[in-house]
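Hey, can you work out the whole structure from these sequences and the hints?
Number of protein chains: 2
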Amino acid sequence: METYTGIPEELKFAVLERIQPTEPEREKLFAIQEELASQVKIAAEKLGIPGVLVKMVGSAARGTWLSGTHDIDVFISFPEETSRKDLETLGMAIAREVARYAEHAEDRHAEHPYLNITYKGFDVDLVPCFRVASASQIKSAVDRTPFHNDFVKPRIKGHEDEVLLLKQFMRGGGVYGSELKTQGFSGYLTELLVIRYGSFKNTIYAACSWKPGEKIDIMQHGEIEHEEPLVVIDPTDPRRNVAAALSLDKFCTFIDHCREFLKNPELSFFFPAPILPLEDSEILEKLESRKSTQLAVVFKTPDVVEDVLFPQLYKMEQAVAALLKEYDFTVIKTGVWSGNTETAVMMELISGTLPNVKKHIGPPVWVKVHAEKFKEKYQAADGVFGGYIENGKYIFEILRKYPTARGLLEDRLMSCSLGKQVHQSVNEGFEIIENAGICRLKEYDFRIYLRKWI
Amino acid sequence: METYTGIPEELKFAVLERIQPTEPEREKLFAIQEELASQVKIAAEKLGIPGVLVKMVGSAARGTWLSGTHDIDVFISFPEETSRKDLETLGMAIAREVARYAEHAEDRHAEHPYLNITYKGFDVDLVPCFRVASASQIKSAVDRTPFHNDFVKPRIKGHEDEVLLLKQFMRGGGVYGSELKTQGFSGYLTELLVIRYGSFKNTIYAACSWKPGEKIDIMQHGEIEHEEPLVVIDPTDPRRNVAAALSLDKFCTFIDHCREFLKNPELSFFFPAPILPLEDSEILEKLESRKSTQLAVVFKTPDVVEDVLFPQLYKMEQAVAALLKEYDFTVIKTGVWSGNTETAVMMELISGTLPNVKKHIGPPVWVKVHAEKFKEKYQAADGVFGGYIENGKYIFEILRKYPTARGLLEDRLMSCSLGKQVHQSVNEGFEIIENAGICRLKEYDFRIYLRKWI
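Respectively, the protein sequence lines represent chains V and B.
Residue 394 in numbering that gives the first Met the number 0 sits at position 395 of the first sequence; the count goes up by one each step and never skips.
Residue 398 in numbering that gives the first Met the number 0 sits at position 399 of the second sequence; the count goes up by one each step and never skips.
Just so you know, these hints were derived from the structure itself, not from any lab.
Worth double-checking, as some hints may not be accurate.
The list treats identical chains as interchangeable, and a pair is accepted whether it falls inside one copy or across any two copies.
When the alpha-carbon atoms are kept at most 30 Å apart in a straight line, the in silico DSSO-like pairs for lysine-lysine are as follows [claimed, not checked]:
1) Lys-214 with Lys-441
2) Lys-119 with Lys-358
3) Lys-200 with Lys-84
4) Lys-392 with Lys-290
5) Lys-358 with Lys-324
6) Lys-374 with Lys-324
7) Lys-376 with Lys-290
8) Lys-40 with Lys-156
9) Lys-451 with Lys-372
Shown next, in the form of C-alpha cells:
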C-alpha cells in the first residue's frame with residue numbers, strides 16, 4: 000500500500016484563491032437571482048397565472064459555484080394538478096415575458112421545453128416544473144431539482160469550499176460534468192460526496208479504494224439494485240442513482256487521479272498545463288515511430304446539441320470497431336472528435352491491409368448436414384485458394400472480400416447501425432483519411448485531441 | 000441427407016485388378032514364408048535353443064496384402080517364462096543366423112530389438128516375442144501380434160478383397176498407415192472394420208456418419224474409457240484401443256473421403272492423380288495472389304527414424320505457432336516437411352510484420368496494488384508511447400519487442416521446447432526463409448508438399 004503524504008493546506012488555499020467567487024461576484028449573483036425571481040412573479044401576475052412559485056436551484060443557489068461560471072437556474076413551479084400542456088404553455092409564456100429583458104433567448108428542450116436566456120451576462124435557464132409532494136412522485140425529471148436543493152443547501156453550509164475544491168479537482172482530471180459527452184460527475188453528485196465523506200480530502204482518500212459497485216446511500220433508503228460502477232442513491236428519491244451517467248472509465252480515471260494526487264499533491268491536478276496542438280511535422284514523426292495505421296472517418300458535424308450528438312458518435316465508434324473486427328482487422332483503439340464543422344471517428348489499427356487469402360473455418364466434419372453444405376458452397380465458389388481439415392473442421396482458404404480497411408468502410412459504413420442525425424450526415428458524404436492524410440484536419444481543437452490520441 | 004448412388008461392381012473389379020496379388024505373386028510369397036519358417040527352426044536347432052516356435056503374422060500371413068508390397072513378418076516365439084535378456088540375445092541370434100542368407104540386414108529397435116532383412120527381394124522383419132497365454136498378459140507390445148493374427152485370419156477368410164479395397168481406398172485418401180508421421184489407420188484396424196461392418200461398402204457407408212467417440216467393440220468386452228476420436232476395442236485385449244494412433248484430422252479426412260466417394264464413386268479415390276511439384280514461377284504467382292507471409296524454419300534433417308522424428312516436428316510446429324501467437328502474430332496455418340537433407344517447419348501468417356506500438360493491457364484500476372505496480376512499471380519504462388484507461392483497465396502503448404516474425408524466431412526459437420534430436424539439429428543452425436525465399440528449397444518432394452500447402 001502507498002503511504003500518502005497528505006494534502007498541504009497551502010495548496011488548498013492556492014486553489015481556492017482561484018476558484019472561490021469574490022464578494023462582489025457573490026453579491027452580483029445574488030442580486031441577479033433576486034431580480035429574476037421578482038421578474039417571474041411579475042410576469043405570472045401580469046399574465047394572470049395563479050399558484051406560481053419561483054425556486055432558485057443549482058450551484059448558484061447553494062453557494063457551490065466556481066468563480067467565473069455564470070449559470071443561474073430559475074425554476075418556475077406550478078401546482079401538481081396542472082396539466083402537462085398548461086405547464087408547457089403557461090410556463091413558457093412566463094419565461095418569454097421574463098426574456099423580454101434578456102440580451103438573448105433560445106428555446107431548448109429536455110423532457111419539456113424550457114428557455115435559456117442571457118441576462119445581464121448570466122447564462123440563465125428558466126425551467127417550468129411541477130410542485131410535487133416528494134421527489135419520488137415527480138411528473139417530470141426537472142421536478143426533482145428543487146428537492147435536491149432542499150436537501151443539499153442546509154447540509155453543505157460551511158462546506159462550500161470543499162465542494163469547490165472537489166469540482167475543480169474533477170475538472171483537472173477531465174471527469175467533471177454529467178453531460179453525455181463527458182459521462183463524468185455532476186455538480187449534485189459532487190455535493191453528495193462531500194456530504195457523505197465530510198470533506199474534499201476524505202473524498203479523495205476514500206475514492207482511492209473504490210471498486211465498481213461502490214455504494215453510497217446517505218439516507219439508507221435505496222430500493223433497487225443498480226448496475227453502474229458508482230451507485231449514489233438519491234437522498235430525495237430511493238429509486239434513483241445520482242451517478243448513473245458516470246461511465247466506468249471516468250469512474251476509474253477519477254480513482255487514478257486521486258491516487259496520483261495523493262502521491263504528489265500539486266496545483267497541476269486542479270489546473271493542468273494546457274495541451275498544445277500537434278503540428279504536421281509531429282504527426283508525421285509519430286506515425287513513423289508507431290508504424291500502425293491511423294484511420295479517420297470524417298463527415299460534416301450534425302447540427303444537434305452535444306447531448307444528442309455524442310451518444311450517436313459513441314455508438315458509431317462501437318459499430319465501426321465491430322465492423323472492422325468482423326472483417327479481421329485488429330483495432331488498437333477508437334475515439335471520436337467533433338468540431339464546429341467536421342467530426343471524425345478515429346481508429347488505430349495493427350494494419351489497414353490484410354492478405355487476399357482468408358481462412359474460413361467451417362463446422363466440424365461430423366456435423367454432417369452443416370458440414371456438407373459448407374463444403375459444397377465453398378468448394379464451388381470463385382476465388383477459393385484451397386481447402387483442408389484442421390482440428391476436425393473444414394477450412395477453406397477463400398478470397399478476402401475487403402483486403403483494406405478503407406475499402407471495407409467505403410463499402411459498408413452505411414450498413415452500420417447509426418443514430419439518426421449521424422446517419423443523415425454520413426449519408427450526405429464522408430471521407431476516409433489514412434495516416435499522413437490526417438494532417439488535412441487543421442482545427443486547433445482537433446490537433447489538441449490528436450496529441451492525446453497518438 | 001445425401002442420397003448416395005452406390006458403388007458400381009465394375010469399379011471394385013477395376014480396383015481389385017490393380018491391387019490383388021496375382022497367383023504367381025501369392026505362390027511366391029507363400030513359398031518364401033515357408034522357407035523363412037524352416038530357416039528359423041533350423042537356426043534354433045543349430046544354436047540349441049529349445050521351445051522356439053515360428054509364427055507368420057501380418058497381412059502376408061492373412062492374405063490381405065496389397066499387390067506389390069513385399070512385407071513379411073516372422074515372429075520368433077519363445078516360452079513365456081523366458082527372461083527378457085534371453086529373449087533378446089537368443090532371439091537375435093536366431094534372426095542373425097537366418098540373415099546369413101539375406102541380401103541385407105539391419106538391426107532395428109522398437110520396445111525390443113528386431114532384425115529387418117531383405118530376403119529374395121522381400122522386406123522381412125524377424126521379431127522375437129513371448130508366447131503368452133492371452134493378449135492381455137503380454138510382456139512386450141509385439142506379443143500381441145500373433146493374437147491379432149489368430150483373431151483375424153479365420154474371420155477375414157473370404158473377405159480378403161474387401162480389406163484390399165478398404166486399404167487402397169485409405170491410401171488414396173492419405174489416411175492409411177498408423178506410423179507417427181501419418182497418424183492414420185493400421186492394417187489390423189482396417190481388417191477389424193471389415194469384420195465389424197461386413198464389407199468395404201458397408202464400412203464406407205457407416206463412416207459417413209461417424210462422430211468423434213465412435214466405438215466399435217466386436218467382442219463387447221471393452222474395459223476402460225478412451226479419449227480418441229475412434230475407439231476400436233482390440234478383440235484380443237479389452238483395455239486397448241486399436242485406433243489410438245488415429246488423429247482427429249485423419250479420422251475426419253477419412254469420413255470426408257467416404258462421403259465424396261459415395262457422391263461420385265470413381266477410380267481416383269483409390270488412385271489419385273500424382274501431384275506435380277510446384278515450379279518457381281508458380282510459387283511466385285501464388286505468393287502474389289495470396290499476399291500473406293510465408294515463413295519456413297529450415298534445418299538439417301536429424302538422423303533418426305520417422306517415428307522418432309515426426310512427433311518432434313509436430314511438437315515444434317505447435318511450439319513455433321504458440322511463440323508467434325504469444326507475440327501477436329496471426330498464424331493462418333502451420334505444417335512440417337522433412338526431406339533427406341533438410342527439414343522445414345512451415346508457417347503462413349497474416350503478416351510477418353507488426354507495428355512498433357503494442358497495446359499492453361493491465362489490471363483493472365480498482366485492483367489497487369496490482370494496478371499501481373503495473374502503472375509504475377510502464378509509466379517509467381523506455382519506449383512507452385502513452386497510457387490511458389479503457390474498460391476500467393490501465394492500458395500502456397509500449398514499444399513492441401519483436402515487430403518482425405523473423406526477428407522473433409531468430410531470437411527466441413531456441414527457447415521453444417523442442418524434442419531431443421530436433422533441438423540438436425536446430426541448435427547446430429537454422430535458417431529462416433520468407434516468401435520468395437522458399438524457392439531456395441528445390442527438393443522434388445518439397446515442391447509436391449508446396450502444391451498442397453499454397
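Hints versus structure:
| no. | hint | verdict |
| --- | --- | --- |
| 1 | Lys-214 with Lys-441 | neither (44 Å within a copy, 70 Å between copies) |
| 2 | Lys-119 with Lys-358 | neither (67 Å within a copy, 51 Å between copies) |
| 3 | Lys-200 with Lys-84 | neither (47 Å within a copy, 83 Å between copies) |
| 4 | Lys-392 with Lys-290 | between (36 Å within a copy, 24 Å between copies) |
| 5 | Lys-358 with Lys-324 | both (15 Å within a copy, 16 Å between copies) |
| 6 | Lys-374 with Lys-324 | both (25 Å within a copy, 28 Å between copies) |
| 7 | Lys-376 with Lys-290 | between (38 Å within a copy, 24 Å between copies) |
| 8 | Lys-40 with Lys-156 | within (27 Å within a copy, 113 Å between copies) |
| 9 | Lys-451 with Lys-372 | between (50 Å within a copy, 23 Å between copies) |
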